[in-house]
Amino acid sequence: MYPSQPRFSRHILKALSLILLVVWSVAVLYPLIWTGLGALKDNSQFMLGKPWAFPRSPWLWSNFSNVWNQYHFGQYFINSIVVTAISSLLAILLSATTAYVLARFPFRGSQILYYFYLSAMMIPMILGLIPLFFLLNDLNLINKLSGLIIVYTAWALPFSIFVMVSFFKTLPKELEEAAYIDGAGYYRTFFDVMLPLARSGLISIGIMNALNTWNEYIMGMVFVNDPVKYTIPVGIAVMQAEMQYRTEWGPLFAGLLMSMLPVIIVYMLFQRHIVAGVTAGAVK
Amino acid sequence: MFHIAKRERFIITFLIPTFIFFSVFTLYPIVRGMHISLFDWSGSSEFMTYVGVQNFVDMLHDPIVWTAIKNDYSLVLGKVIGIMILATFFAVAITRFRLRGTGFFRMIFFMPNIISAVVIGVLWRFIYNPNIGFLNAILSLFTKQPIRTPWLGQEDTALWSILWPSIWAGVGFYFLLLMAAILSVPTSLYEAAEIDGATQSRQFWSITVPLIWEQMKISILHIVMTTLNGSFVMVWIMTEGGPDNSTQVMGSYLYQMGFRQYHMGYASAIGVLILFMSLITTLIFQRLLRRDEVQLS
Numbered sequence: 001m002y003p004s005q006p007r008f009s010r011h012i013l014k015a016l017s018l019i020l021l022v023v024w025s026v027a028v029l030y031p032l033i034w035t036g037l038g039a040l041k042d043n044s045q046f047m048l049g050k051p052w053a054f055p056r057s058p059w060l061w062s063n064f065s066n067v068w069n070q071y072h073f074g075q076y077f078i079n080s081i082v083v084t085a086i087s088s089l090l091a092i093l094l095s096a097t098t099a100y101v102l103a104r105f106p107f108r109g110s111q112i113l114y115y116f117y118l119s120a121m122m123i124p125m126i127l128g129l130i131p132l133f134f135l136l137n138d139l140n141l142i143n144k145l146s147g148l149i150i151v152y153t154a155w156a157l158p159f160s161i162f163v164m165v166s167f168f169k170t171l172p173k174e175l176e177e178a179a180y181i182d183g184a185g186y187y188r189t190f191f192d193v194m195l196p197l198a199r200s201g202l203i204s205i206g207i208m209n210a211l212n213t214w215n216e217y218i219m220g221m222v223f224v225n226d227p228v229k230y231t232i233p234v235g236i237a238v239m240q241a242e243m244q245y246r247t248e249w250g251p252l253f254a255g256l257l258m259s260m261l262p263v264i265i266v267y268m269l270f271q272r273h274i275v276a277g278v279t280a281g282a283v284k
Numbered sequence: 001m002f003h004i005a006k007r008e009r010f011i012i013t014f015l016i017p018t019f020i021f022f023s024v025f026t027l028y029p030i031v032r033g034m035h036i037s038l039f040d041w042s043g044s045s046e047f048m049t050y051v052g053v054q055n056f057v058d059m060l061h062d063p064i065v066w067t068a069i070k071n072d073y074s075l076v077l078g079k080v081i082g083i084m085i086l087a088t089f090f091a092v093a094i095t096r097f098r099l100r101g102t103g104f105f106r107m108i109f110f111m112p113n114i115i116s117a118v119v120i121g122v123l124w125r126f127i128y129n130p131n132i133g134f135l136n137a138i139l140s141l142f143t144k145q146p147i148r149t150p151w152l153g154q155e156d157t158a159l160w161s162i163l164w165p166s167i168w169a170g171v172g173f174y175f176l177l178l179m180a181a182i183l184s185v186p187t188s189l190y191e192a193a194e195i196d197g198a199t200q201s202r203q204f205w206s207i208t209v210p211l212i213w214e215q216m217k218i219s220i221l222h223i224v225m226t227t228l229n230g231s232f233v234m235v236w237i238m239t240e241g242g243p244d245n246s247t248q249v250m251g252s253y254l255y256q257m258g259f260r261q262y263h264m265g266y267a268s269a270i271g272v273l274i275l276f277m278s279l280i281t282t283l284i285f286q287r288l289l290r291r292d293e294v295q296l297s
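Chains as they are written, first to last, in full-length UniProt numbering: chain A, 1 to 284; chain B, 1 to 297.
So here's chain B without its partners, still in its complex pose:
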């Protein structure tokens, strides 16, 4: 009896501090954010008017919201396609051809993943800089007139110019995940295929893809989720959503509405939309990517 009481006291003292801390500084803000989305509020406490779902109705009529949604999903698609192709290719190349210098490539490829999005954003702003940037200088080598394209300053190139550094910064991580998955495939399968005369591409589609599908699925879902929840840092650093809101994503628009224009209710409603978008999109992708599980007999 005494022993059990001691055990319970131990459990409680180990759980409670963490639980309280987490509840106050993570759970409460999220629930409170959903609550604020039902109000019209500038941030000063006197004037907080309940407006029901009005903020959500307003969002339907806000063209910037639609631009932001479109941009979010463009980034999701671009990143999923770009990162998965590059990461899969590199992972297959290194594991299947048993190239030398695996450790070297692994170390280099992962490096951008540990650098702050701010540093990456600022760095790439300078690569794209119309006057002193690297990109225009390289392109100018092939033209008579020096090129002065403001990559981030014009609407038709700005979002693409944000997409590329996001891919650049993301590949290494998924490359590592996929490489680990491929290394766990028994080599005997490849040896058997080799004897049967299967080409490399046949081996890739019939052995590698089915057996690492689970890991590919996880990678894609992870890209989708992190992009919808976190791509705004890169956007904010590189363009602040401009020019003329053309690169706005939901996260950057939330920040602008909340902390630049003090529409706290509306900004919170955007936050709720981000939450639903990311949950629903992850679910849909999960459905789309479902495939019969391959079991090794």
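Pulled out of the complex, with its shape left as it was, chain A reads as follows:
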């Protein structure tokens, strides 16, 4: 038997909470929808002072082809996809091997090595930006996608190792032992038994690293000055800087939308993996 007063105030609180949750949802979604509306407008519609207005028909789908061709977003897309795919796969390979050893083959100093990688997650990446630029320059990797791939792979390692070590530790030892008894060596056991078992962990870090790489801007800008090699974030930043000289807001909005869409689609498809991957890093 509850007193009626708290009951009543509970309902008010509940209603108020719901309203605020809806307000925040709108605050999050609306800027994204607004981008979509803007992508279909021409300059005169931007100047009307009614940014919430629906795009006038005919909708300017040409903004998309314009940004894809004239602004070379097609090229940026290919660059971003190449860099993201290769560096994510490399990071998986390099981190899973080390993580497996750290989780299953303790040796003198394995703990130290683990914390060595872990502590790198706290170091501001920008401190290494200048030396990295000159290092890549000496290695003839400036203005090359391969340079970016290397840098992004290295950047992804500490987090990936951290997640994979805890993942391998949760796997049962019996399967490995069975594999050894069947005469499989260490390598066979790792590639044929452990990696498939660790699949969901690998997917999590793979998607996380892919998102980070896809979205990365500073290194992409500093290590690549050749417009043919730009990644999407760099392309967007350059395009918006050009808006000071020529205003083509429609294509810019189209570019923003096109760079967001793949990420949002991946997010919808792999929501659980992404949430698991993102939160794993902060729980430490």
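If you're looking for bench data, these hints aren't it; they were derived computationally from the structure. Careful, some of the hints might be misleading.
Stated by the list, open to error - If the Cβ cut is set under 10 Å, some of the chain B residues that face chain A in the computed set are:
id : residue
1  : F10
2  : H35
3  : V65
4  : W66
5  : T67
6  : I69
7  : K70
8  : F90
9  : S116
10 : V122
11 : G133
12 : S268
13 : I274
Keep in mind that this is a model prediction, so the values were computed, not measured. Even for Gly, the Cβ is constructed at its ideal location relative to N, Cα and C.
Knowing the structure of chain A, use the given hints to seat chain B on it.
Chain B alone, transformed into the frame defined by chain A:
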């Protein structure tokens, strides 16, 4: 004997490539960055003069460094307060009131976290744009004269205008962390409190906060660290540190000094300062937030 050798060879082949890769492309640049901070260097290799701690002494007399430090900590404070209040509120509301549509809210709230800081920065530049932007257009509905406030172009509003999108983009992640923490609190505690007639706010302060404190602490530390280490991307996209260096943060100032003005030594010294600031601040926050651990008996 043979077996052990095999095992060691396996360990070594699995560790070495990663270790070399990491050492060359992460460890070496960081150590080298600390080293360069002791030189006066424009980037061309012939003229690299050792100046000891002169760069650090110069920083003490550089007003922009002080502005940048102030801005960094303003963003840290603003983000910690803004994000924690919103994220905690949403997490509590959804879990405690058992609202419908949890999955929907979760999906929407987290969305800004997966979008590039560049896209968010450019998008919000347009929301703040004095002529075509959304914000002024909305405000103009309530005034006779159309409002033309250049939010990012004047010193007293620019930093606040950067703070808001950073909060907007950050809430979802911490909301998820806190929600998971609250869901792990046994419901029997709340039921008992309910029977004893405890109000919602009493339940929040006496049950929820003590039991999710560890997760709140982690969230705050994470905000502090990511802000000090990474807020410059948003700043660089939205204002490039302007107007008149008023929104400069340490990271954007490093970039400007290094790659715009070619003071590589000085820029590296700024990088070292960022490292120390972020380590010391995290330690201090860790101390401040220490609280007796609550154990469920």
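A quick look at each hint next to the structure:
About 4 Å separates the beta-carbon of F10/B from the nearest beta-carbon of chain A, less than 10 Å, and the hint is met. The beta carbon of H35/B comes within 8 Å of a beta carbon in chain A, closer than 10 Å, and the hint placing it at the interface holds. With a cut of 10 Å, the hint placing V65/B at the interface with chain A is violated, because the nearest CB-to-CB distance is about 15 Å. At a threshold of 10 Å, the smallest CB-CB gap from W66/B to chain A is about 19 Å, leaving the interface hint violated.
Contact between T67/B and chain A, as hinted, is not supported at the beta carbon level, the nearest pair being about 18 Å apart and thus beyond 10 Å. At its closest, the beta carbon of I69/B sits 14 Å from a beta carbon of chain A; the interface hint therefore is violated under the 10 Å criterion. Because the closest C-beta pair between K70/B and chain A is about 18 Å apart, greater than 10 Å, the hint is violated. Taking 10 Å as the C-beta cut-off, the interface hint given for F90/B holds, the closest approach to chain A being about 6 Å.
Given hint, S116/B at the interface with chain A, holds; its Cβ is 3 Å from that chain's nearest Cβ, closer than 10 Å. For V122/B, the suggested interface contact is upheld, since its CB lies about 5 Å from the closest CB of chain A, less than 10 Å. At about 7 Å, the closest approach between the beta carbon of G133/B and any beta carbon in chain A falls short of 10 Å, and the interface hint on this residue holds. Given hint, S268/B at the interface with chain A, holds; its Cβ is 6 Å from that chain's nearest Cβ, closer than 10 Å.
At a threshold of 10 Å, the smallest CB-CB gap from I274/B to chain A is about 5 Å, leaving the interface hint in force.
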